[in-house]
Amino acid sequence: MSMLTDLIRIFISSFVGTLGFAVILQAPRKAWIISSVLGGLSYSLYWGVMQLGMGDPFANFAASLIISLTAQLCARRMRMIATVFVSLSLIPLVPGLGLYRCMELLGQGRNAAGLQAGVAAMISIMMIALGLAIGAFIFRAIISTKPKRILNQGGERP
Amino acid sequence: MPHTIRDESCYMAPLQLAGRLIMENGGETYRVEETITRMGQALGLEGVESFAVPSGVFVTYRRSDGAYETAVIRVRKASTNLARVDEVNDVSRRLEAGEVTFEEACALLQAIADAPPPNSKLMVMLATTVSSGGFTVMFGGGVIEFAVAAFSALAAQLLTVLMQRRRLQGLVTVLAGAVTSAFLPMLFNYLTGLCVVDATVAGALMPLLPGLAMTIAVQDTLRGDMVSGISHGFSAALTAVMVAGGALLAASLMSIVRGGAAL
Chain A
1 MSMLTDLIRI
11 FISSFVGTLG
21 FAVILQAPRK
31 AWIISSVLGG
41 LSYSLYWGVM
51 QLGMGDPFAN
61 FAASLIISLT
71 AQLCARRMRM
81 IATVFVSLSL
91 IPLVPGLGLY
101 RCMELLGQGR
111 NAAGLQAGVA
121 AMISIMMIAL
131 GLAIGAFIFR
141 AIISTKPKRI
151 LNQGGERP
Chain L
1 MPHTIRDESC
11 YMAPLQLAGR
21 LIMENGGETY
31 RVEETITRMG
41 QALGLEGVES
51 FAVPSGVFVT
61 YRRSDGAYET
71 AVIRVRKAST
81 NLARVDEVND
91 VSRRLEAGEV
101 TFEEACALLQ
111 AIADAPPPNS
121 KLMVMLATTV
131 SSGGFTVMFG
141 GGVIEFAVAA
151 FSALAAQLLT
161 VLMQRRRLQG
171 LVTVLAGAVT
181 SAFLPMLFNY
191 LTGLCVVDAT
201 VAGALMPLLP
211 GLAMTIAVQD
221 TLRGDMVSGI
231 SHGFSAALTA
241 VMVAGGALLA
251 ASLMSIVRGG
261 AAL
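So the sequence lines, in the order shown, correspond to chains A and L.
Okay, so the first sequence: first residue is 1 according to my numbering, each after it adds one.
Okay, so the second sequence: first residue is 1 according to my numbering, each after it adds one.
In isolation and in its complexed conformation, chain L is listed as follows:
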């Protein structure tokens, strides 16, 4: 290996950073383990082992004096950023291919960690709006349904942002978003009778559904990573229950508006 002699504990920092970046930004656990192991081997380390679960990463390797260097990284999931996962993956691949040196890889990883998400919050909000409208048309809606779904999704987004300012996060915001995105189209239809409710609500709910978590759960389970498969699967199921529960709440609210008895 073309590396100069240096204190062997310095190799831990980039391995830790790479693992944390992948895990925090929505990568799979096997990718974390594989990336750390490969990077470690590319750096010429012996006995590199890594164990990742969705809430933490463990890294260990053996120094030349026989002692083990170990780190525990507690991961708290940030918002999904697949570009970041891809960039870390690219750094690891290039390090392995010998295209970058150890120092360059460290600098690249730090740059990835420091870079802001490529799409601003406003852009994400806009994308959610358009995406909801698109799925509404996919489910058989027309122009009016597109507009109503987009508006409802926007309202749900704004509500989520407001809730996050008040430090409310996670499933509560999903529930609130689902109630908003389901209730507004129903109310609009009740008042004007102009839109196909089910396509509109389904479209508006789509951005809240856990498509990514579901995919990752399947892939993890398939690889035999039961801990993270079950963890992601449970998280996906819980989110889906929240979305469905929100829609149910909205439907009961609607029956109150209509004057009937709720449930």
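Same shape as in the complex, but just chain A:
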């Protein structure tokens, strides 16, 4: 039961955090709710994978991959630019806590532990980037079937 309340707390809090970012980045209003839901889902997914004991790098990768695919689908559906959904929904994954822990330890002079935390945060960032990259690749290669464009180069002129 406490797992469920934890999940609800995490979803709502990351939803609120992402919604704030939607306002900060002046995202189009009709994208606010969907991108915030995606933001909530992204951290919930990360948390869920962490609960399964798969470790931080894989959790970041899985959440980033699934969410970036979903975000691009939403963008396609709503005929909006993908940047809005992708960048907003991945924001909860940015390792703010890890980065802070690293700096706090370094500030206390515990350099070895600080570096360890810093490297972990860097790996998280790399994994998010990797998930995003592979998500974008999959979307373009498989899901997105663009109609062939007829370029009117050399066509009629005004």
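Careful: at least some of the hints might be erroneous.
Said to hold, decoys possible - List of simulated lysine-lysine pairs, DSSO-like, C-alpha gap at most 27 Å:
hint : chain 1 : residue 1 : chain 2 : residue 2
1    : A       : Lys30     : L       : Lys121
2    : L       : Lys77     : A       : Lys30
3    : L       : Lys121    : L       : Lys77
None of these hints come from the bench; they were simulated from the model.
The model shown is predicted, which means the values in this text are computed figures rather than measured ones.
Based on these hints, arrange chain L on the given structure of chain A.
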């Protein structure tokens, strides 16, 4: 193309404006290049080429007399406004689909450029406050942590606004914001012992972290746009270093407050 004959140099203005609007408001370089090329083709121009980097856009097309019409646009990044990028993108799409004429597209683009940002400064400030609180709870904080993080983020925002009034911009404000958002929760905990410091500070720092720049850097690099990928990536890294450095400074300040030696 259903366009009347007019002086061909008039096509440059909307292409320039569209490119500038996307670049200034946080769009990616490939989007600038693609939008300009597509708009140019929709207008029936030949030899439309566009080259964009985060600090500038170049547009060129060939006139019917064979001469080239070229423009260089120097872009200075304004604050991010994704709604504007989306609107420009929409105009370009509609122009391509033939839903709007050349004149209508020009008017629409000008209207987008003239419109104020949809959310006021006050609203953005409020959103930053709430967002920090939200992320604090996400990192495992409770009600007190929410309040402290929100307050710290608000203080950091106010400081940033004050600094901007004094014409201080960019990374200095990020550093100052990071010191404020990290130091206030630590101080609060030192005085009262009531809050979980790391969740609170991490939440308060979240709005300063370069999430968007990082995403764009990855996407640009992936597309092979190395110049803008590296540029955005470096900017994201520098911002992150400033935020981390701010947190480090705050932690050392705290050790002075506690009476120990700093570092």
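Comparing the hints with the structure gives:
1. At most 27 Å may separate the alpha-carbon atoms for a hinted pair to count; lysine 30/A and lysine 121/L meet this at roughly 20 Å.
2. Using a Cα cut-off of 27 Å, the hinted pair lysine 77/L and lysine 30/A holds, with the two alpha carbons roughly 25 Å apart.
3. At most 27 Å may separate the alpha-carbon atoms for a hinted pair to count; lysine 121/L and lysine 77/L meet this at roughly 18 Å.
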